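Participant: Here the sequence shown is numbered in this note's numbering, starting from 1 and rising by one per residue.
One or more hints might be untrue.
Straight-line alpha carbon distances no greater than 25 Å define the calculated DSS-like cross-link-like pairs of lysine-lysine that follow [said to hold, decoys possible]: (1) LYS250 x LYS260; (2) LYS164 x LYS48; (3) LYS268 x LYS194; (4) LYS22 x LYS50; (5) LYS281 x LYS268; (6) LYS194 x LYS281; (7) LYS206 x LYS50; (8) LYS22 x LYS48; (9) LYS281 x LYS260.
What follows is a list of derived Cβ distance ranges for each label pair [stated by the list, open to error]: (10) PHE45 x GLU67: 16 to 24 Å; (11) ILE27 x ASN173: 38 to 46 Å; (12) ARG245 x LYS22: 42 to 50 Å; (13) LYS23 x VAL241: 17 to 25 Å; (14) LYS194 x SER62: 25 to 33 Å; (15) VAL241 x LEU290: 35 to 43 Å; (16) ARG245 x ARG43: 26 to 34 Å; (17) SER156 x SER68: 15 to 23 Å; (18) SER62 x GLN21: 22 to 30 Å; (19) VAL241 x ARG43: 49 to 57 Å.
These aren't lab readings, by the way, just hints derived from the structure by calculation.
For clarity, every value in this text was computed on a predicted model and none was experimentally measured.
A virtual CB, placed ideally from N, CA and C, is assigned to each residue, including glycine.
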Amino acid sequence: MRLLVIGHKGQVTSSLMLNIQKKAEIIQIGRPEFDLQTHKDFREFFLKIKPDIVVNPAAYTSVEKAESEPETVFAINAYGAGYIASAAAHINVPCIYLSTDYVFDGSQVSPIDENTTPRPLNVYGKSKLAGEEMVISHTDNYVILRTGWIYSPFNSNFLLTMLKLAETQSEINVVSDQFGTPTSALHIADSIFKIARNLIMYPEDKTLRGIFNITARGGPISWAQFAEQIFTFSGERGGPVSKVRHISTKDYTAAVQRPKYSCLDFHKLEKIHDVRHSLWKDELREVFTLLN
């Protein structure tokens, strides 16, 4: 199986390279050769590569910075997603697009399923919802994976930020009234491989296509609770530890509104693609084994 993956350095791309490279051929494209802001026609390149499936986890993910750069954000997360989906349709292969829990407004207080109406609060969430719509408008052969609170041993994420801060701070303020489920990019990568295999094996099965939620089990928890567990595992390994001071969203200086609740219901993905979800604590412990 040949996977064409959009992006070079993201958490999910790096996790695909780590976990899947021995199971499938992975070809990566990204900046500067292929910039989603400027490169609008990927069809000729896709024809040359001849992938079995296209995976697009590439995104502008800085939620706060996005508020001041909406044109750039939409160029990458929305229009870029459309160009990729269009090229995948041109060569008649499936397209997997990674979306976000931030397409929702957080007003719900029970796990959010795929039929819930999206109502994004910020530019990032709006751009990813637009990306979903672009994918759907360009191809019928797609899977959109909504996820959130992604962490890994790679790139920049909440886990690595907490460990870095703990090296110099004995106490860290962390929001305790926003709830979701931490999800390892390693788990997402493994699930993408399984989904890709299903899409290729059963090209006519429409039930395998559509929108799915992917997340760990055991949520919801708050960011503060996540931080506390990070420091518990870090302490067990002799790593940096800090005390977590619970604060409210209104006490946290931020330029952007975020959903208070974004725990996703993952049962559709389990039923349709037979993807099994682990407890978030187990996923976190696995990621710690890969940290230096």
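Participant: With reference to the structure, classify each hint as holding or not holding.
Facilitator: Taking the hints in turn, this is what the structure says about them:
1. LYS250 x LYS260: The hint holds at about 11 Å.
2. LYS164 x LYS48: At roughly 43 Å apart (the allowed maximum being 25 Å), LYS48 and LYS164 break the hint.
3. LYS268 x LYS194: holds (15 Å)
4. LYS22 x LYS50: holds (19 Å)
5. LYS281 x LYS268: holds (22 Å)
6. LYS194 x LYS281: Given pair LYS194, LYS281 holds - Cα atoms ~22 Å apart, limit 25 Å.
7. LYS206 x LYS50: holds (23 Å)
8. LYS22 x LYS48: holds (23 Å)
9. LYS281 x LYS260: Holds - the C-alpha atoms of LYS260 and LYS281 are around 21 Å apart, at most 25 Å.
10. PHE45 x GLU67: 16 to 24 Å: violated (33 Å)
11. ILE27 x ASN173: 38 to 46 Å: For ASN173 against ILE27, whose Cβ atoms are near 43 Å apart, the range 38 to 46 Å holds.
12. ARG245 x LYS22: 42 to 50 Å: The hint (42 to 50 Å, Cβ to Cβ) holds, given that ARG245 and LYS22 are roughly 43 Å apart.
13. LYS23 x VAL241: 17 to 25 Å: Given range 17 to 25 Å: violated, Cβ gap about 37 Å.
14. LYS194 x SER62: 25 to 33 Å: At roughly 30 Å between Cβ atoms, SER62 and LYS194 fall inside 25 to 33 Å, so the hint holds.
15. VAL241 x LEU290: 35 to 43 Å: This hint is violated: roughly 19 Å between Cβ atoms.
16. ARG245 x ARG43: 26 to 34 Å: violated (52 Å)
17. SER156 x SER68: 15 to 23 Å: Check passed, 18 Å falls within 15 to 23 Å.
18. SER62 x GLN21: 22 to 30 Å: With Cβ atoms ~28 Å apart, the hint holds.
19. VAL241 x ARG43: 49 to 57 Å: holds (52 Å)
Hints 2, 10, 13, 15 and 16 from the earlier list are contradicted by this structure; the remaining hints agree with it.
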